[in-house]
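Visitor: Numbering-wise, the UniProt record's numbering puts 23 at position 23 of the sequence shown, and it's gapless, one number per residue.
One thing to keep in mind: the hints can contain errors.
Under the rule of at most 35 Å between Cα atoms (straight-line distance), these lysine-lysine pairs were calculated in the DSBU-like manner [as the list claims (entries may be wrong)]:
#1 K31 with K15
#2 K185 with K206
#3 K226 with K238
#4 K4 with K145
#5 K145 with K206
These are computed hints drawn from the structure, not numbers from a lab.
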Amino acid sequence: MANKIYLVRMGQTMKEGTIVRWYKSDGDYVKPGEDLYEIEYDKASANVQSTKDGYLHIEVAEGETVPVSTVVGTLLTKEELEAGGQKDAPIPAKQEAAPVKSAAARQEKMKASVPVKRMARQMGIDLADVVPAGSDGRITEEDLKRYQAGEGRDTTQRQTGGRVKASPLARKVAEELGVDLADVKASKSSGRIVREDVERYAQGLKSREAAAEEHGQAVFAAQETKADRREPMSGMRKAIARNMVDSYFTCPVVTYSTDVDMSEFMKLRAELNEEFAAQGVKVSVNDMLIKAVAKALEAKPYVNVSLEGEEIVYHSDINIGMAVAVENGLLVPVVNHADRLSVPQISVEAKQLIGKAQEGKLTGADMAGGTFTVTNLGGMGIDMFTPIISTPQGAILGVGRAVEKPVVINGEITVRPMMVLSLTADHRVIDGAPAAEFLEELKRYITKPFLLLLG
Numbered sequence: 001m002a003n004k005i006y007l008v009r010m011g012q013t014m015k016e017g018t019i020v021r022w023y024k025s026d027g028d029y030v031k032p033g034e035d036l037y038e039i040e041y042d043k044a045s046a047n048v049q050s051t052k053d054g055y056l057h058i059e060v061a062e063g064e065t066v067p068v069s070t071v072v073g074t075l076l077t078k079e080e081l082e083a084g085g086q087k088d089a090p091i092p093a094k095q096e097a098a099p100v101k102s103a104a105a106r107q108e109k110m111k112a113s114v115p116v117k118r119m120a121r122q123m124g125i126d127l128a129d130v131v132p133a134g135s136d137g138r139i140t141e142e143d144l145k146r147y148q149a150g151e152g153r154d155t156t157q158r159q160t161g162g163r164v165k166a167s168p169l170a171r172k173v174a175e176e177l178g179v180d181l182a183d184v185k186a187s188k189s190s191g192r193i194v195r196e197d198v199e200r201y202a203q204g205l206k207s208r209e210a211a212a213e214e215h216g217q218a219v220f221a222a223q224e225t226k227a228d229r230r231e232p233m234s235g236m237r238k239a240i241a242r243n244m245v246d247s248y249f250t251c252p253v254v255t256y257s258t259d260v261d262m263s264e265f266m267k268l269r270a271e272l273n274e275e276f277a278a279q280g281v282k283v284s285v286n287d288m289l290i291k292a293v294a295k296a297l298e299a300k301p302y303v304n305v306s307l308e309g310e311e312i313v314y315h316s317d318i319n320i321g322m323a324v325a326v327e328n329g330l331l332v333p334v335v336n337h338a339d340r341l342s343v344p345q346i347s348v349e350a351k352q353l354i355g356k357a358q359e360g361k362l363t364g365a366d367m368a369g370g371t372f373t374v375t376n377l378g379g380m381g382i383d384m385f386t387p388i389i390s391t392p393q394g395a396i397l398g399v400g401r402a403v404e405k406p407v408v409i410n411g412e413i414t415v416r417p418m419m420v421l422s423l424t425a426d427h428r429v430i431d432g433a434p435a436a437e438f439l440e441e442l443k444r445y446i447t448k449p450f451l452l453l454l455g
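Produce the complete structure using the sequences and hints provided.
Guide: What follows is the structure, given as structure tokens:
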């Protein structure tokens with residue numbers, strides 16, 4: 001009996017996932033505990049193992065994004081494999097199709113057994129071009145052999161979505177000559193482009209370029225231009241886009257900014273690093289800021305909130321998310337119970353999470369449960385910015401760089417390292433006065449950092 005393979009839910013907020021890769025090929029035998037596929041979801045990735053054995057039949061190709069619980073494959077018995085798959089399998093729910101399917105995806109839809117599909121891929125044959133000899137429409141190994149010998153070829157080209165109707169040979173010649181088939185006019189009444197059409201177009205293009213050069217006209221030659229690079233959005237990029245759009249168009253936000261003197265904060269950091277150097281602990285500005293934010297949230301709990309439906313959730317735990325830049329994206333691992341950790345403990349935890357993020361090893365649990373987020377662009381030379389809230393959280397703190405500036409203290413001008421803090425808050429749950437009070441409390445812990453060492 002065939003066993004279905006589902007797109008598993010990796011976290012409470014996960015709605016869909018992208019199949020990054022299959023670790024087995026169509027028709028391969030799979031044992032329990034072996035890696036089946038890699039999934040990318042909500043800016044994280046993970047491997048999914050098989051719990052059953054059987055011969056793999058892939059139903060969702062690499063790179064496709066589908067909802068949670070979608071059937072992405074099936075584990076067949078040997079008899080089912082030889083029969084060409086499970087005949088009585090239910091038709092999966094209709095998915096929104098991409099405008100143009102890849103050749104591999106089209107082959108999966110053709111009526112043929114798994115071994116025949118694999119044989120076609122090995123021979124470089126598009127099953128859609130093969131005419132089956134049998135009355136049932138199923139393509140067999142004999143049909144592939146006839147096709148390779150020049151028989152049994154489909155003489156009427158299909159057109160799917162925006163795909164240009166052209167013979168396989170015409171496509172090959174067009175690729176060799178650098179011709180875009182969309183620019184070529186078919187001479188046949190069927191509208192199908194053949195090799196002669198491509199060669200005629202290429203010859204005409206050369207003649208036009210030669211004539212233009214002869215008359216001293218500027219020629220815009222395709223080979224002299226640099227083509228734009230296009231690539232599909234990764235699962236991480238899609239998740240970031242979806243979350244940012246949801247936040248931007250859902251939350252009526254206000255950003256509150258203030259300057260803070262970092263003099264004492266920097267002094268304490270230097271002392272802590274000297275004290276813990278022997279233990280290999282190096283405290284960063286961000287480590288201390290996470291602790292300061294946790295203390296301020298403890299004192300002003302009405303900022304440690306989320307909006308869920310029509311309920312305001314006042315969180316008992318203080319879990320600080322920290323934005324980490326990674327290749328082609330952004331991840332937000334969470335330092336849980338930051339109010340209960342010392343500054344050195346936060347430093348160790350934060351560095352472990354940052355390392356996992358940069359190595360692509362974060363799990364859903366590492367990024368779950370955040371109640372407030374800190375994003376620091378000071379190390380990149382940014383003075384001030386307006387961060388976007390990570391919904392459903394109620395607020396996010398943007399941190400700029402510390403820059404020496406002239407300030408007036410006790411009537412005298414002096415130079416101090418000043419930093420801009422920017423709190424973006426959801427006005428549905430946090431009003432202006434509470435937001436300002438939180439920033440003042442945070443400044444108190446920054447300007448009197450010895451308070452971070454108490455309790």
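Visitor: Please go over all the hints and tell whether each is borne out by the structure.
Guide: How the hints compare with the structure:
1. Of the pairs offered as hints, the one joining K31 and K15 holds, with about 28 Å between alpha carbons and a cut-off of 35 Å not exceeded.
2. A hinted pair counts as satisfied when its Cα atoms are at most 35 Å apart, and K185 with K206 qualifies at roughly 16 Å.
3. For the suggested pair K226 and K238, the alpha carbons sit about 27 Å apart, so the restraint of at most 35 Å is met.
4. A threshold of 35 Å between alpha carbons decides the hint, and for K4 with K145 the separation of about 32 Å falls inside it, so the pair holds.
5. Between K145 and K206 the CA atoms are separated by roughly 39 Å; this puts the pair beyond 35 Å, and the hint is violated.
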